[in-house]
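Trainee: Here the protein sequences come in this chain order: A and B. Residue 151 is where the first sequence ends in our numbering, and the numbering goes up by one at each step. Residue 362 is where the second sequence ends in our numbering, and the numbering goes up by one at each step.
Worth double-checking, as some hints may not be accurate.
Stated by the list, open to error - Cβ-Cβ distance ranges computed for the label pairs, FRET-style:
1) B:L42 x A:S28: 14 to 24 Å
2) B:A26 x A:K13: 52 to 62 Å
3) B:C33 x A:A27: 19 to 29 Å
4) A:E73 x B:G296: 37 to 47 Å
5) A:K48 x B:L187: 47 to 57 Å
6) A:P46 x B:E59: 51 to 61 Å
7) A:D47 x B:E59: 50 to 60 Å
8) A:E9 x B:Q355: 49 to 59 Å
9) B:P298 x A:E73: 40 to 50 Å
Claimed, not checked - Some chain A residues flagged as far from chain B (calculated, every beta-carbon gap over 10 Å):
10) D37
11) D47
12) S50
13) G76
Stated by the list, open to error - If you want a taste of the chain B side facing chain A, the calculated C-beta under 7 Å gives, among others:
14) K32
15) R34
16) K36
17) R40
18) N109
19) R233
20) E236
21) P242
22) R249
23) L250
24) Q253
25) A256
26) R257
27) R338
28) R341
29) E345
Hints were generated in silico from the structure; no laboratory data involved. C-beta atoms are modelled at their ideal positions from N, C-alpha and C, and glycine is treated no differently.
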Amino acid sequence: MSAELLTKPFFEELQRRLAAEASEFEKLGYFDTIFGVHVLPDKESDERLFVLDFDLYSCRGIREASPEDAGDVDFVLAAPYGVWREALTSVDDKGRIDAAHSINTLTHHGEPMSVTSSSPEGHDKLFRFAESIQLVFDVAGRVATA
Amino acid sequence: MAYYAPTDFLADDAFLDGFRKIRNGELTLDWMEAKTERVKCRPKNPRRGLTYQDIDVGSYSTEAIPEVLRGRQSMAPRGAELPPGLPDMGYMVNRKSDVWADNVISLYEEAKTRQWNAATDINWMELDEHPVPDDLEKAFCQVCTFLSEVEMIATDLPAKWISRINHNLVELKSLLCVQAVDEARHSEVFRKRALASGFGLMKASVYAEHALKGILSADTYTQASVFLHLLGEGFILSTFRNGEAIAQTPVDKRIFRLVMQDEARHVSYGMMHLKYFLREHPKRAEEIHILLDEAETLMIGALGSPELAEPLIVLAGKGFAKDNIARGIELTQEFQLRAIGEYFRRLERAGLEGRPERSKFTQLLGLLGA
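Could you put together the complete structure from these sequences and hints?
Mentor: Below, the structure written as structure tokens:
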């Protein structure tokens, strides 16, 4: 893949790939949520925050936001760049993020990835749309390892 | 036959005369003059289809449902003209605030599109690609046995109440119908997973069954909902998340993500129903506390039962060796503490104040020195 991982070009490519996978999202059902992907700074990367906006079955837009103010989001997934890189490049032979790096697995114990939300309703959308969210990151893994 | 109408239509000359006239083409066409609101609804988003939000208009809307449903005891659709003589269906829940939540119709529309099939949406054949040591597989089967046992309560409970709830609350009744199907599917998928393992079902749980009986026995719908949706399903949602995190195969991870989605809708409804209820009846908060005083005790029994706690520890620690068990205990306690915290936050969001201070979970943590 030509775009550097977790940069604006990476997310632009992700949005294109998500559009190409629309039928997979449609099978999973309504997917109405806005969430943040927060890249915490480490020795490999500066801090960055991207907001992914999903409406119905598709990604309506991805924007970069200030890490101090994600805006109107349901929840934010935050992890150091190295954790994101490891997860997004751990793709199995079926093109999915492998079992050890699913978003729920990474967030379940609060580390290595954390979830923040201003409301229980927003936080619960991580669970209500769990399979669609995992599909987003499976597609991101395919972008990362292409 | 338990019900006999006031009229035997075959012995009713006026009815038979009218029937003959219809057959002869002498139509009354009274229904053409029905005194109802004329509307022409269309989907706001054609891809989303015609949703309940799109038809939530005027006299047909959920806003038009009065708090007390006096004189509305039939199955006449809300907004239809009500002719005299409609029978009383004997509904027992006739107050909107006893069942309603502000997210009922959005959750219903979401739930319909996010249905899945335990027979075909799980790649059962892929289990063969990911062999798991026998002992761990048996522990997983025990978790499946427990979950198959408890999940059906969330079918039985709404099913018990649906026919008792006034038909004017049709959107809510429909949401409960989908929940009943969701939970039947959960019971199905865990039963199938255990029987696909090479072992089968393991041991039922006395502790869990007491909690299930407590849920079914709740005195009012709201009490039942708080026990089931907020307490019971809230903890099962956490158990599903934990199950996904400790599952060894992509097949099991997908199962847990799919059941997690359904469960989270039910929890979301329960939280918002309690919020609506307490907004309308702030003085009835104590009634909810009293329910939870006993319900939490029953839930502690289920969560601490050997049939659930032990296999979760074995699976989290990935084995039976001393170090594995120690690690499993650490991880399982961590998830249980987080589940308790999330439960308190949902209650707080629903407007129930002071629960952590009087909760049985707080007492338990004190007793265990956690």
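Trainee: Holds or violated: the 37 to 47 Å window for the beta-carbon distance between E73 of chain A and G296 of chain B?
Mentor: Given about 43 Å between the Cβ atoms, the range holds.
Trainee: Against chain A, with CB atoms and a cut of 7 Å, does the hint on L250 of chain B hold up?
Mentor: Because about 6 Å separates L250 of chain B from the closest Cβ in chain A, which is inside the 7 Å limit, the hint holds.
Trainee: Check the following: the C-beta atoms of L42 of chain B and S28 of chain A are separated by a distance inside 14 to 24 Å.
Mentor: With Cβ atoms ~22 Å apart, the hint holds.
Trainee: Are A26 of chain B and K13 of chain A spaced within 52 to 62 Å by their CB atoms?
Mentor: Since A26 of chain B and K13 of chain A have Cβ atoms about 58 Å apart, the given range 52 to 62 Å holds.
Trainee: Does the Cβ pair D47 of chain A, E59 of chain B satisfy 50 to 60 Å?
Mentor: Taking Cβ atoms as reference, D47 of chain A and E59 of chain B lie about 55 Å apart, which means the hint holds.
Trainee: Between K48 of chain A and L187 of chain B, does the C-beta distance stay in 47 to 57 Å?
Mentor: holds (49 Å)
Trainee: Is the interface hint for P242 of chain B satisfied, with its Cβ closer than 7 Å to some Cβ of chain A?
Mentor: At 5 Å from the nearest chain A Cβ, P242 of chain B passes the 7 Å test, so the hint holds.
Trainee: Against chain A, is A256 of chain B within 7 Å by beta-carbon distance?
Mentor: holds (4 Å)
Trainee: Taking the minimum C-beta separation from D47 of chain A to chain B, is that value above 10 Å?
Mentor: Check passes; 23 Å lies beyond 10 Å.
Trainee: Does the closest beta carbon of chain A sit nearer than 7 Å to the beta carbon of E345 of chain B?
Mentor: violated (15 Å)
Trainee: With 40 to 50 Å as the target window, see if P298 of chain B and E73 of chain A comply at their CB atoms.
Mentor: Since the Cβ atoms of P298 of chain B and E73 of chain A sit about 48 Å apart, the hinted range of 40 to 50 Å holds.
Trainee: Given the range 19 to 29 Å, decide if the beta-carbon distance of C33 of chain B to A27 of chain A lies inside it.
Mentor: For A27 of chain A against C33 of chain B, whose Cβ atoms are near 27 Å apart, the range 19 to 29 Å holds.
Checked against the numbered hints above, the structure breaks hints 10, 14, 15, 16, 18 and 29 and satisfies the rest.
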